[in-house]
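Given the coordinates of chain U, assemble chain V onto it according to the supplied hints.
One line per chain: the protein sequences are U and V, in this order.
Numbering that gives the first Met the number 0 puts the first residue of the first sequence at 0, with every later residue one more than the last.
Numbering that gives the first Met the number 0 puts the first residue of the second sequence at 0, with every later residue one more than the last.
Hints may be right or wrong, so weigh each one.
Sample of chain V residues at the chain U side, in silico, Cβ under 10 Å [what the hints assert, rightly or not]: (1) Gly34; (2) Gly38; (3) Asp40.
No wet-lab data here; the hints were simulated from the structure.
Quick reminder that beta carbons are idealized off the backbone N, C-alpha and C, glycines included.
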Amino acid sequence: MIVKCVVWDVDHTLLDGVFLEAGDEPPGADPAMMAVLAELSGRGILHAIASRNPPAVAEHVARVTGAVFVAAECGWDAKSDAIGRIADRLSLGTDAIAFVDDDPYERAEVSFARPEVMVLAPEEMTSAPGWPEFSPAVVTAEAARRSQLYLDRQRRQAAEREFGGSREEFLRWCQTEITIGPAGLADADRLAELSARTHQFNSAGKAITAAGFAELIAGDPARVLAVRLRDRFGDDGLVGTCVTETGPGGWTITLLAMSCRAMGRGVIDALLAWLIGAAAKAGARELAIPAILTPRNVPLRLALAAAGFRASEAEPPGEPGQRRAVFRRPAGPDGAADAD
Amino acid sequence: MRTDPGLAGELRDLLAGLAGRPELQSADLDLPLFGAGIGLDSLTGTLLLREVHRRYGVDVAAEDLNLDALASLASLASFIEARRG
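If we strip away everything but chain U, and leave its shape as in the complex, we get (with noise of 0.2 Å):
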């Protein structure tokens, strides 16, 4: 599992030691936890501070490290739903984040209540970005600019907040283009990048590696589409996928998936109408869906449900212990038999 957040104590941690205790003067960063901070950056890789200090820390923590911190939880409740709250906040799974702090009392309490988080001392973190987990195969232009994009999107939930109507009518005054097309080689890396790193809304167990996708690309452009997402508060760029396959009976989409960014934006919702109106467009009768069911995708479940596939549970299950379905609906929109 690669990391995708690595959630930072701040007190003898980040800093060269206690915030609260050094008067005017608070203490500068740790040089090495900043080299690793600004090496991650790099990587795509998101920052995030849980510290028992006053909210005012965070700040002074972006300042001496340079670093960007895309979530801060400051106060003395446990760290395990510190952590929690940020998986929430960023829309990540807890198994995607790493804790480091120098405490090994809090280190003990998080793997206890949170086992699936990885827990590391500061001192282990300098050999981080050699190992696997801290090691993306690709880094995209997406992932440079990881950090902006996850400061976009609080921008945006704090205007949601504010917001007065329902969700659609806050997309409409966001401006959210949603742009469903053919994809290009040029977005191969990126494209293989979302198939490794989504589980949310991902409906395959196996990820296409970018040589992979570039000759699904070469051999017919139609076969892979690329979903662009953008709004007033910033262009998220590349998000979502789907691969599919035609058949005699209708369209079977291969691969569906969707980067958990862009959740709760309409993404989902649109490319699911789009491939339900051009299968009927291409005289395809039925879409036809395999997936695998995890407990973390129930996510693509639920919008499978909104746009009305039905599933049955595939025969024979996949690798043992692993549950699949195939998720089907007719092409076209629903009682366009009846019309006319």
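Positioned in the frame of chain U, the structure of chain V alone reads:
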């Protein structure tokens, strides 16, 4: 089967809170959750299922492949009722 009328109401308050839509507190308990009815999106739906699991110990996603329990608040209440001890 008789459903505890309190449970569906509880779920309605929960949903209104999670969705940040106080007007849902007076929604019909039989209104479809997906589509034109309540328009449950995958983000709110995920939070709702997680909270149902935490509060009532019922893992709807694991037990209900098609999520038919989410037809309406009333059906979700019956589903939970039938499974909790």
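Results for each hint:
1. At a threshold of 10 Å, the smallest CB-CB gap from Gly34(V) to chain U is about 7 Å, leaving the interface hint in force.
2. With a least beta-carbon distance of about 8 Å to chain U, the hint placing Gly38(V) at the interface is held under the 10 Å criterion.
3. For Asp40(V), the interface hint holds, the least distance from its beta-carbon to any beta-carbon of chain U being 6 Å, beneath 10 Å.
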